[in-house]
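There are 2 protein chains.
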Amino acid sequence: MNPALPVAVDAMGGDEAPAAVVAGALDASRRGVPVTLVGDRARIEPLLPRASGVGLVHAPDVVAMSDEAGSVRRRADTSIRVAMQLVRRGEACGMVSCGHTGAVVVAAALDLGILDGVERPAIATLLPRADGGRLVLLDAGANVDCRPEQLASFAVLGAAYAELLGVADPRVGLLSIGEEDTKGNMQVRASLPLLRELPLRVVGNVEPGAAMMGGCDVLVCDGFVGNVLLKAAEGAVGVVVQLLREEISRSPGARLGAWLLAGALRRFRRRVAWDVQGGALLLGTDGVVVVGHGRANPRAVGAAIELAARSAHKGLVPVLRSKLGAGVPSV
Amino acid sequence: MNPALPVAVDAMGGDEAPAAVVAGALDASRRGVPVTLVGDRARIEPLLPRASGVGLVHAPDVVAMSDEAGSVRRRADTSIRVAMQLVRRGEACGMVSCGHTGAVVVAAALDLGILDGVERPAIATLLPRADGGRLVLLDAGANVDCRPEQLASFAVLGAAYAELLGVADPRVGLLSIGEEDTKGNMQVRASLPLLRELPLRVVGNVEPGAAMMGGCDVLVCDGFVGNVLLKAAEGAVGVVVQLLREEISRSPGARLGAWLLAGALRRFRRRVAWDVQGGALLLGTDGVVVVGHGRANPRAVGAAIELAARSAHKGLVPVLRSKLGAGVPSV
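Residue numbers (this note's numbering), protein chains in the order written: chain C, 318 to 648; chain S, 318 to 648.
Hints in this document: simulated from the structure, not taken from any laboratory. Model, not experiment: these values are computed from the prediction. Among the hints, a few may not be true.
Pairs count within a copy or across copies, as identical chains cannot be separated in the list.
Think about it this way: if two alpha-carbon atoms lie no more than 16 Å apart in a straight line, the pair counts; the simulated EDC-like pairs of lysine to aspartate or glutamate are [as the list claims (entries may be wrong)]:
1. K500 - D462
2. K500 - D384
3. K631 - E563
4. K500 - E385
5. K500 - D344
6. K631 - D603
7. K631 - E480
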């Protein structure tokens with residue numbers, strides 16, 4: 318992958334598009350990542366300073382959050398599809414969208430294709446663990462009502478991704494509500510035997526808390542359940558921060574304490590801020606795709622763009638293809 | 318319900334049983350809640366001080382965490398079943414167990430019976446919300462692979478419970494991964510129309526984060542998904558506390574700040590500590606049942622016992638029965 322290739326960025330996706338996306342693109346560009354924005358020229362151009370170095374490709378159509386995901390199949394002029402086409406034609410090293418996740422998944426499968434050996438592409442998110450490591454969670458929302466074969470396929474993709482992140486012989490867990498093999502719903506009980514047949518280091522059923530404490534490196538689940546897990550974790554941290562802020566505001570001593578703690582709190586926020594990495598990788602398509610948060614601010618957009626560039630640079634797709642071609646990740 | 322009746326407590330359930338359970342029972346008893354411990358007399362008696370005021374009923378059998386839940390059907394001598402029988406015979410106002418949740422649910426349905434109009438009993442947990450309110454989450458783990466009719470039944474139980482907690486006309490949400498009616502898995506999409514038919518204030522699909530921020534009072538879900546949500550929230554808070562502690566230990570200024578913040582942190586922990594309420598109510602059986610956390614410490618056990626006594630005192634079962642008899646909660 319040519320590292321000088323830009324990242325194609327869907328300028329129209331996200332709650333504050335295009336402003337937040339353009340600001341994030343400018344940010345990434347200033348840090349040396351070439352970017353091509355894709356979307357409504359008339360709305361984007363006024364936001365781009367002269368000689369910004371950021372490219373712009375016009376796309377007249379936009380996928381709204383209320384649209385059916387499948388509608389992108391017949392809408393080749395949407396910013397999502399045009400950005401995918403840039404990747405497909407080798408004019409971009411990867412794409413980023415903070416828009417309609419379902420539409421991004423459909424468009425990626427359609428325009429980029431699915432790697433041999435993959436049942437369905439999955440969204441992989443990294444969560445901070447208490448032991449300082451990172452947890453690869455997948456699927457975080459691309460597929461609901463998954464069959465056991467899909468979960469097994471996610472295990473292969475997740476393990477390959479963890480290896481790419483530098484984890485040797487990653488421990489793969491199946492998300493459940495108890496450690497015993499008999500715990501879980503029908504989907505989990507049917508999937509565990511399939512996972513155990515893979516030549517991966519499968520540690521069995523893992524509960525959310527145990528995984529976050531460091532019990533595994535890859536946590537495999539259905540996209541509905543994974544998305545609930547992710548958003549429950551985000552929500553709980555939000556509640557904690559909010560209530561802590563209220564407690565601090567109640568006493569002068571506590572306010573002084575908070576001031577003294579400010580540096581630690583800042584470093585801490587950097588470690589747990591779910592928005593700092595900016596996006597999640599879609600694994601299993603023949604091209605780098607990063608799905609950003611709908612509420613992404615410019616910083617998160619910039620981080621998502623860097624994640625796409627870094628993943629392309631590290632050869633995410635060729636690495637996944639070789640792992641899948643070998644049937645399984647090298648362990 | 319006679320308020321002088323004791324709470325029957327399964328002394329053998331939980332990771333540190335019977336020691337942690339006995340300590341929690343003594344604690345509750347000192348605070349004026351009559352308690353009868355149920356379990357292996359030879360192991361419990363040495364832990365009970367003379368004239369403690371805590372009763373003891375012998376039960377020779379114990380359900381192990383690895384046992385099948387259904388095995389309690391033919392094991393009437395287990396501490397869980399004997400405690401249920403005390404409630405059934407009117408010798409206890411409610412029961413608490415920190416043991417095998419599945420076995421507690423089976424035993425409760427068997428010994429106490431299920432209220433008319435209830436499909437399946439559900440575990441209801443309270444979560445702190447960012448707006449200071451409390452979120453009733455159910456089912457938090459009693460039933461997996463729920464049919465839409467079960468989720469509708471949970472909505473009725475949860476709304477009635479929220480009213481008992483003092484919330485007028487509670488807002489009922491269906492847990493999903495997007496607000497639109499079309500978002501979610503097959504189970505959610507099939508259930509929402511049923512919920513909307515109930516004469517409850519159904520606000521539609523609600524995401525975990527939105528619910529925790531205060532978007533609804535009752536959050537209805539399948540027990541597998543609800544348990545994942547609960548444990549993901551607990552896990553995320555655990556990670557935050559752990560990483561914050563590490564950051565604080567790094568600098569003397571931060572340590573002084575933490576010392577000044579100690580009071581605020583203590584109050585804050587009391588508000589978000591998921592263990593302080595000690596347990597979750599099983600709703601829908603003809604008797605008060607509280608399911609405690611397997612890792613419950615004495616304080617959490619004491620809180621679970623108080624929750625059972627308070628629920629019996631407030632007439633939880635008659636209130637639920639009248640709401641169910643009326644077809645729906647009074648709104």
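Against the structure, the hints:
{"no.": "1", "hint": "K500 - D462", "verdict": "between (18 Å within a copy, 12 Å between copies)"}
{"no.": "2", "hint": "K500 - D384", "verdict": "between (37 Å within a copy, 11 Å between copies)"}
{"no.": "3", "hint": "K631 - E563", "verdict": "neither (44 Å within a copy, 31 Å between copies)"}
{"no.": "4", "hint": "K500 - E385", "verdict": "between (35 Å within a copy, 10 Å between copies)"}
{"no.": "5", "hint": "K500 - D344", "verdict": "neither (47 Å within a copy, 33 Å between copies)"}
{"no.": "6", "hint": "K631 - D603", "verdict": "within (14 Å within a copy, 60 Å between copies)"}
{"no.": "7", "hint": "K631 - E480", "verdict": "within (12 Å within a copy, 55 Å between copies)"}
Violated hints, listed in ascending order, are 3, 5; each of the other numbered hints is respected by the structure.
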